[in-house]
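Asks: Go ahead and model the full structure; you've got the sequences and the hints to work with.
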Amino acid sequence: WRSNTAGDCANSITTAYRIKVDECGRLWVLDTGTVGIGNTTTNPCPYAVNVFDLTTDTRIRRYELPAVDTNPNTFIANIAVDIGKNCDDAYAYFADELGYGLIAYSWEQDKSWRFSAHSYFFPDPLRGDFNVAGINFQWGEEGIFGMSLSPIRSDGYRTLYFSPLASHRQFAVSTRILRDETRTEDSYHDFVALDERGPNSHTTSRVMSDDGIELFNLIDQNAVGCWHSSMPYSPQFHGIVDRDDVGLVFPADVKIDENKNVWVLSDRMPVFLLSDLDYSDTNFRIYTAPLATLIDNTVCDLRNNAYGPPNTVSIPKQAVLPVGPPLYTKQYRPVLPQKPQTSWASSPPPPSRTYLPANSGNVVSSISVSTNTVGPAGVEVPKAYIFNQHNGINYETSGPHLFPTLQPAQPAGQDG
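Sequence positions in the sequence shown follow full-length UniProt numbering and run 1 to 416.
Calculated directly from the structure, the hints in this document are not laboratory data.
Keep in mind the model is a prediction, meaning the values are calculated, not measured.
All residues carry an ideal CB built from backbone N, CA and C; glycine is no exception.
Don't take every hint at face value.
Taking lysine-lysine pairs in the PhoX-like style, the calculated list, with each CA pair at most 25 Å apart, reads [unchecked claim]:
| no. | residue 1 | residue 2 |
| --- | --- | --- |
| 1 | 260 | 111 |
| 2 | 85 | 20 |
| 3 | 111 | 20 |
FRET-style restraints, in silico, Cβ to Cβ [as the list claims (entries may be wrong)]:
| no. | residue 1 | residue 2 | range |
| --- | --- | --- | --- |
| 4 | 125 | 37 | 18 to 28 Å |
| 5 | 24 | 125 | 38 to 48 Å |
| 6 | 37 | 62 | 20 to 30 Å |
| 7 | 151 | 279 | 34 to 44 Å |
| 8 | 10 | 257 | 25 to 35 Å |
| 9 | 297 | 11 | 22 to 32 Å |
| 10 | 181 | 27 | 42 to 52 Å |
| 11 | 297 | 42 | 43 to 53 Å |
| 12 | 263 | 37 | 19 to 29 Å |
| 13 | 60 | 257 | 18 to 28 Å |
| 14 | 25 | 282 | 25 to 35 Å |
| 15 | 62 | 263 | 41 to 51 Å |
| 16 | 282 | 117 | 40 to 50 Å |
Replies: In structure tokens, the structure reads:
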């Protein structure tokens, strides 16, 4: 409680907006420094990250983001922590939701830098309409928000996945780029756009297990979804691990602990912000379940099939709501009798799949990009592949999140 003195910026926490525990026993606390909500918001303190040693319950570092890493619209909504070779080889990544940027912080250097104005950080103008708990509202300005980190890849780096809140699409970039301060201005083509998840698939939180299973909240559906990162990022490879139209109204955060237990916090936030919250009801809930139990019999469990079955979980359609002020009552939609299940009936890969399995011959990218460029054996390849191929860079074919690993360019005139 000593850390809760209002106005004592150097020694206190003003608003703990996100927390993250790393494998080195450190608790990272993102402090937005803000007080109030909406038009009443003030910033008595700067954005900062406080890091605590969980073995001694003491703060071991506080880092305030410098002015050069923020702008007048900045609202940092999320944090991801990347541990490399050891506990000093640690980086934190901050999502600037309303200032449309991504900030990287090096623990060893105690220094940060900002990736700004990439179009992938911005909201999709067609995806700003939301429906949660029967309330229709618009969050059309919400940019980069949810983030997750892959396991360490063969090149020693991870993949950072992220989505703007007003979007149905996921994007990705190698942490090799984010860890390099010199790449803040010339890394546009190192970011990759994946497919859309489908309708009603806004998400604010995601996490990935150490074996590559990503979980993410689906706030329009009162649900938690899943995707196995060895599969293409397309709707037929997305599953629903749980849905509850009472208990999971706005599942705000999703985490996986070291024992592979999943933790989900729901808080009905849109009801509080935009309607009348019933304070006599249970509005905050914490759920937990083993990851293996949640993905069992979904498309995300690949134990019985190398490519996984087609996802037969249908995305529920939202009813067309009348125009007018949002209405909210305590009458939620009835609880489903059981969580949606996916069928394990074998079937060939869908004809529209653009994913190409890895082979020992030509290295190709499985990212679906519209192009007329034809590569070896008549296979159409993305422009990004051609771009990097010309710069002495190659791709590894280990899944849909393919990023350049440094490969020496061959000397001019040498056959390969």
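Asks: Next step is simple, just say for each hint if it's right about the structure.
Replies: Okay, the hints, checked on the actual structure:
{"no.": "1", "hint": "260 <-> 111", "in the structure": "violated, 32 Å"}
{"no.": "2", "hint": "85 <-> 20", "in the structure": "holds, 19 Å"}
{"no.": "3", "hint": "111 <-> 20", "in the structure": "holds, 19 Å"}
{"no.": "4", "hint": "125 <-> 37: 18 to 28 Å", "in the structure": "holds, 25 Å"}
{"no.": "5", "hint": "24 <-> 125: 38 to 48 Å", "in the structure": "holds, 41 Å"}
{"no.": "6", "hint": "37 <-> 62: 20 to 30 Å", "in the structure": "holds, 25 Å"}
{"no.": "7", "hint": "151 <-> 279: 34 to 44 Å", "in the structure": "holds, 42 Å"}
{"no.": "8", "hint": "10 <-> 257: 25 to 35 Å", "in the structure": "holds, 32 Å"}
{"no.": "9", "hint": "297 <-> 11: 22 to 32 Å", "in the structure": "violated, 50 Å"}
{"no.": "10", "hint": "181 <-> 27: 42 to 52 Å", "in the structure": "violated, 26 Å"}
{"no.": "11", "hint": "297 <-> 42: 43 to 53 Å", "in the structure": "holds, 49 Å"}
{"no.": "12", "hint": "263 <-> 37: 19 to 29 Å", "in the structure": "holds, 26 Å"}
{"no.": "13", "hint": "60 <-> 257: 18 to 28 Å", "in the structure": "holds, 22 Å"}
{"no.": "14", "hint": "25 <-> 282: 25 to 35 Å", "in the structure": "holds, 33 Å"}
{"no.": "15", "hint": "62 <-> 263: 41 to 51 Å", "in the structure": "violated, 26 Å"}
{"no.": "16", "hint": "282 <-> 117: 40 to 50 Å", "in the structure": "holds, 43 Å"}
Comparing the model with each earlier hint shows violations of hints 1, 9, 10, 15; every other hint is respected.
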